[in-house]
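Number of protein chains: 2
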Amino acid sequence: MNIVITGGAGFLGARLARQLLEQGKLSLAGGASQTIKTVTLVDRIAPPAALAADPRVRAVVGDLNELLASGGASQVVRAEDALVFHLAAAVSGECEADFDLGMRSNVDATRALLEACRQLGSSPTVVFASSLAVFGNSPAQPLPPVIDDRTLPTPQNSYGIQKFIGEQLVADYARKGFIRGRNVRLMTVSVRPGKPNGAASSFLSGMIREPLAGLRAACPVPPETAVALSSPARTIEGLVRAAQAGDAEWGARTAVNLPALKTTVGEMAAALERAAGKEAAALINWAPDSAIANIVTSWPATIDAARARALGLLPDKNFDSIIASYLSENPRTAPEAATQ
Amino acid sequence: MNIVITGGAGFLGARLARQLLEQGKLSLAGGASQTIKTVTLVDRIAPPAALAADPRVRAVVGDLNELLASGGASQVVRAEDALVFHLAAAVSGECEADFDLGMRSNVDATRALLEACRQLGSSPTVVFASSLAVFGNSPAQPLPPVIDDRTLPTPQNSYGIQKFIGEQLVADYARKGFIRGRNVRLMTVSVRPGKPNGAASSFLSGMIREPLAGLRAACPVPPETAVALSSPARTIEGLVRAAQAGDAEWGARTAVNLPALKTTVGEMAAALERAAGKEAAALINWAPDSAIANIVTSWPATIDAARARALGLLPDKNFDSIIASYLSENPRTAPEAATQ
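In order, the protein sequence lines correspond to chains A and B. Going by the numbering used here, the first sequence opens with residue 9, and the numbers climb by one from there. Going by the numbering used here, the second sequence opens with residue 9, and the numbers climb by one from there.
Okay, chain A solo, but in the shape it has when bound:
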């Protein structure tokens, strides 16, 4: 089996690739287990060297829209590719600051990728990474207390709208038989290693990661802010499970919400203190930022992920266990970004 991962050089994409290459096999859409022959990583940057060194890895470096433009689609998806994880996206903060960038990166690129998959004629499986950000709270339309798989998304930022449009495209390309579609809504991933990014939720990793490296970190929302989180491991587990599920097992073409741990930013800080002491927690700089807070506090925190649960997917146990996983995977040294 040949697999494509867009955004394959990013944190989640590279981690997904490593896991797939390690396991070496995958059962796709309810079928028998098959050996993974190649993993194509499509991204604007080259994949990490260790990953690129695997002979099964094929790196395609470039802007997804440009790569997919006339004639170039075969670089991204080939006739032999049976599974595409579409993770590439402009993140929430960027999309809110630059509307056109978001439309290009999240709507146009998704449509072009689906069109390239359709042109293969082989109906490949496409796992689309949508987001919790499709749900947004507003005075005119408050969110219900609990979000489930049938809750009407009411996005309050462009990123959420664009991801929700992507879900619709995936659903209809799947209904038409052009692809086998798997719409998966990712929760906020924490703790991400590495550098901060332009996501409004970036601080939800930074406020743990930076203090663990002895660095100050900003928290732009009040401690009582409730959030729905998923560790990197649980998030990857959800993406892989989506690829494995058969059509009947997966069910409706609308998106499946992945499970989330509901916690608060204050509880996260308390878990940091339990894991690394008062001095670490004191490195959090509680500095309100309304631009970020407006986005993050519009997202829901209580998710009833019934379809995911039926697929055997469960949330992280608590935030202490998330920090413990992070520490086991990332020794306590200063992250790259902070030293630049």
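Heads up, a few of these hints could be off.
You can't tell identical chains apart in this list, so a pair holds if it fits in one copy or across any two.
Using 25 Å as the maximum straight-line C-alpha spacing, the simulated SDA-like pairs for lysine to any residue come out as follows [to be verified]:
(1) LYS270 with LEU160
(2) LYS45 with THR272
(3) LYS184 with LEU160
(4) LYS270 with ALA234
(5) LYS184 with ARG119
(6) LYS184 with PRO296
Source of the hints: derived by calculation from the structure; they are not laboratory data. Just so it is clear, the structure is predicted and the values come from calculations on it, not from any experiment.
Knowing the structure of chain A, use the given hints to seat chain B on it.
Positioned in the frame of chain A, the structure of chain B alone reads:
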């Protein structure tokens, strides 16, 4: 005030134009009543001659995508246009038969129109005609017994997906302040005068209109099929009300379902018999067509149109009153299409 109607030469667009020109004034988005100076009708065909003869009417004939392509947008919307009704669309049957046509006509053209409105910098009001077709029943995700304004759309045809994507675009362009957005979901309009069209719902007019003209008409679904209908007059009323409503009165940027009369195809035939006798009803040819039936029976019939009700919009009383209105507006002569 200057008004633009895309699809302005079509049945609904021309009727809307006539009504606006007759009333001569409109209060826009909660503001004071203003004199209507021009009504621009954008369509692939020229408007009816009687309408074109009104000195306030400006006709722009062409394909919306082509008109809106680089440089030509100012033909469609001008700096002085304060209100745009976006009715132009490829219909459901066409979109299911030709996926690319639907994407171009319903997604690309809508986005290009919104972009042209954004470029004006004046945040015009855009009333977007979405559709009941965003709701679709499927075995994997049965529709709830009653559809309300917060029901998750699960479209089961490309037209419904494309209209739902249009709603998302309108919502985000509105949230960003590029336009003032009004997403309105139209019910199936019956009885439409004139010719059959490519909509899967076309027979819901034809099965009344043709027999009233002494002609046979096909009904491709069983008599017990429940449908949600709105007369032309009630439908236009909903569109105009959307333009008039102030932001707070309108509420959330998600779509408002217009009110619908719930009836069955069999009850429609019975009303036809009451209005025009047994010989008229006998002209209905009950001939199942699974392609049409699959689309139409996936749509819901029971709509709780709470937001519309709060705006003072009510459904038609019964189908007899719809036929009576049709007869008062359309003398009993053979329709144009049937004589060709």
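Outcome of the hint check:
no., hint, in the structure
1, LYS270 with LEU160, "both (20 Å within a copy, 24 Å between copies)"
2, LYS45 with THR272, "neither (42 Å within a copy, 56 Å between copies)"
3, LYS184 with LEU160, "both (23 Å within a copy, 20 Å between copies)"
4, LYS270 with ALA234, "within (7 Å within a copy, 43 Å between copies)"
5, LYS184 with ARG119, "both (14 Å within a copy, 23 Å between copies)"
6, LYS184 with PRO296, "between (47 Å within a copy, 23 Å between copies)"
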